[in-house]
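Chain order of the listed sequences is A and B.
Note that our numbering numbers the first sequence so that position 45 is 102, with each residue one more than the last.
Note that our numbering numbers the second sequence so that position 208 is 895, with each residue one more than the last.
No lab work stands behind these hints: they were computed from the structure.
Warning: the hint list may mix true and false statements.
Said to hold, decoys possible - Chain A side only, calculated, beta carbon under 7 Å to chain B, not exhaustive:
id, residue
1, Gly-83
2, Gly-90
3, Asn-94
4, Glu-115
Backbone N, C-alpha and C define an ideal beta-carbon position, used for all residues, glycine too.
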Amino acid sequence: MELKVNGGWRETPELPTVGALLTHLGVTHQAVGVLQNGQVVAREAFDREPLHDRDELEIVRFVGGG
Amino acid sequence: MKGVGGDPGFPVVRDVDRVRRLVALPDVRPAMLDKLAGATVAMVGMGGLGCGSAPYLAAAGVGRLVLIDPGRVAATDLGRQVLYGPADIGGLKVDVAADRLARQRPALSIVRYPVALTADNAAALLQGADVVVDGLDDGSTRDVLNAWAVGGAAPVVFGGALGYEGQVTVVPAGGRPCLACLFGSVADAPAECSVEGVLGPLVGVVGSLQAAEALKWILGAGHVLTGRLWLVDLFTGAMRVVAVPARRGCPVCGATEAV
């Protein structure tokens, strides 16, 4: 499937959910925010929110240092 | 004219001169400067981000800074916390920072709290602050600040810096959106620069932007970063701004409100 991730289009295997995409990308679910087509996906919904071809996603790690 | 306050012998800088370049901005009117002089900004944490933001807030003419940090200056701070030098090691950060900021602007009013902010003392420490600037180095206390903003008392200018990555967003008083809309609780977020390292100038980049957002909020000038997250990666030099809408059912700011 084709997905736009953080501004860049990429080909991925068929991935069922937002959580599967994070796992595919090697991104931990901890303190990560995801926007799917401009809407926030709650962390507890990562593993049930379906992905669709040509979805646009922003994956943001919370940066805690200071 | 010779000085009063901390530095006899130095010329007194009139506030009208100090802010001349500020009021030269097309959307800043002289009357707006009264807002700055009357404003109180609470600095929660005087590490890298606090050192990056406080001097610009002082320089711009903010009336009062409340410095909150229980820490003492350590040798490992000196590579990025630029208000401190070797002679300050072992001293309370709020004391050393207050001395530096008072030299920078003798008319600045400074309140020092050498304690850690907690859910229990937040109201006592932050009461009266018009804006809160997050200079923390942990996630769980940021949850406390987020709740403070959502409670409606004052906006919080959040900042974070770790490795080469930084981010800034402003949670308005009342939230919608708030930090938890995107991230949920950030109590478990990676925050330890002793583990992940940090490029010194990163905290200056992020802290300076926090100061800019705080000043814009006080002045009512420009477009404040509410509902948007500013991201920088100094490794590649890339910057992005991501729009973050309020989340329906956000457990902190949206439990009873539809978007």
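Here's how the hints hold up against the structure:
1. Interface hint status for Gly-83(A): violated, as the beta-carbon distance to the closest one in chain B is roughly 15 Å, over 7 Å.
2. Proximity of Gly-90(A) to chain B holds as hinted, the smallest CB-CB distance being about 4 Å (cut-off 7 Å).
3. Taking 7 Å as the C-beta cut-off, the interface hint given for Asn-94(A) is violated, the closest approach to chain B being about 11 Å.
4. Residue-level restraint check for Glu-115(A) holds (minimum Cβ-Cβ distance to chain B is 5 Å; threshold 7 Å).
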